[in-house]
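Colleague: Protein chains in written order, with the working numbering: chain A, 97 to 255; chain B, 375 to 477.
Please keep in mind that the hints were generated in silico from the structure rather than gathered at the bench. Values in this document were obtained by computation on a predicted structure and should not be read as measured data. For each residue, glycine too, the CB sits at the ideal point set by N, CA and C. Among the clues, some could well be false.
To be verified - Derived lysine-lysine pairs resembling BS3-like cross-links, with alpha carbons at most 27 Å apart: (1) 180/A with 420/B; (2) 420/B with 440/B; (3) 180/A with 115/A; (4) 180/A with 440/B.
Unchecked claim - Covered stretches of chain B, going by a simulated chain A footprint (3 or more residues, C-beta under 8 Å): (5) 380-390; (6) 394-401; (7) 451-460; (8) 463-471.
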Amino acid sequence: MNSELHPGEAADALAEIRKRQQQVIDRAMVPAWYWWVVGALMVVLAVGVDTKTHLALGITIPVFVVGMLAATGIAVRSQVLYAKVHDTLLDGTAVIAILGFVALIVGCSLGIAFGLRAAGVSYPATIGCGVGGLVMGLGGPVLNRQLRRIMLGNRAGIK
Amino acid sequence: MTVARFDELIHAPTRLSIVSLLAASEWAEFQFIRDSVGLSDSALSKQLGTLEQAGYVEIGRGFVGKRPRTSARLTTVGRAAFEQHVAALQEMVARSGSTILPR
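With the rest of the complex left out, here is chain B (with noise of 0.2 Å):
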């Protein structure tokens, strides 16, 4: 069971997105995170370096042939925080009596 915990770090619009993308993947590349959420590099290099100060987020820097690839990946401590703000979240929509439904 998961202790609902609200997450003033991940709550904030932009990380939110990209903490959601990096949740439901093993890594992501920077690319794709700046692509899906529109952002501009510099933005994203912010927030992700937001995250990576909190322990929330491992930046992995590496070559895919001569390209340099940059991902991301949630570290525990950064999977737990998100799991514990999405308790949190819909511990508060439940006692508003509203409804979660997946779409």
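Isolated chain A, as found in the complex (with noise of 0.2 Å):
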């Protein structure tokens, strides 16, 4: 052990220490407008699922394909080419959130989609995946601000 190190030096390494993992973390999170890609994307998928022609759905389907790709691409970007965030930070209770926010997209999008065709109404995938991409576009920075505050609270020097 250093004895000479004064503790408020000490106090400054570990604020250090902490300022660059958070670098990191930052580095790592999905931009806000994702999100509401996605949500979009969603919705163009249901249009097509909805209207039941091959021609919608032969353009639905692949503008939803090509559109998600480039999207998670471009979101994922960083930790492709600059950094990786260390599993170690992206505990169970991350896992749970994530797992949970598919869940209530989904489960709010199907659950809307089919009650409302079982009561006739027009267009019932468009409306339900228009729901849940609204949930997904405000619901996704929610989750993001989640996953940041987990992976900082997992920093070495904080526990």
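Got two chains here, each in a separate frame; can you build the complex from them with the hints?
Modeller: In structure tokens form, the structure reads like this:
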């Protein structure tokens, strides 16, 4: 142990450690626009499903697939090119938060779509996915903040 | 429970910044480390070389398309040394009666 180091210097070093780790975490966060793009692509796909024509499906399915690949590619670009967040920062709580968010979106979209379909409403999938997309656009940044908080809490020098 | 052990090699200011970045990463790209820490290419190469010699860091060289890419990652030994160093710092702060709060 270094006995010459002042406690204040040790505290400064810990602050530096936290700051640098936060840089990696912040760089890895999914941008807010991503959630709105995915939500919009869900609606595009649902329009194709509701329209039930080969032409509509032939257009909306490729738009959905290409759009998802492009948006995801851009959103995770930092993770691929610059730095990959260490696995230990995302613990079980983070996995539960992600799975819960996915369940909320799927439950919302399918629940509303099937409910409307049973009630004989037109364009049930579009409306269901519209609501699901809205929840995704509004909830995505909330999930982001939650994941960031979890990762910041799991940094070295915190516990 | 991590054993507290102050590490002179890690504690040097620029190396502390580099190792802290790497501790939060599976790997980090040379440019990202350089820009985040604010070092020149040669200064970062020198520091990474020192850490590599100590067995704390592994340097990887590859290509993304046609562009050469250099990345660095903490080895198991480096990660353990970093965790012990953090524990030593925390112990010093705790002994002084201060508290460490996440920011």
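Colleague: None of the hints should be skipped; say for each whether it holds.
Modeller: Results of checking the hints against the structure:
no.	hint	result
1	180/A with 420/B	23 Å, holds
2	420/B with 440/B	25 Å, holds
3	180/A with 115/A	17 Å, holds
4	180/A with 440/B	21 Å, holds
5	380-390	holds (count 5)
6	394-401	holds (count 7)
7	451-460	holds (count 3)
8	463-471	holds (count 7)
Checked against the numbered hints above, the structure violates none of them.
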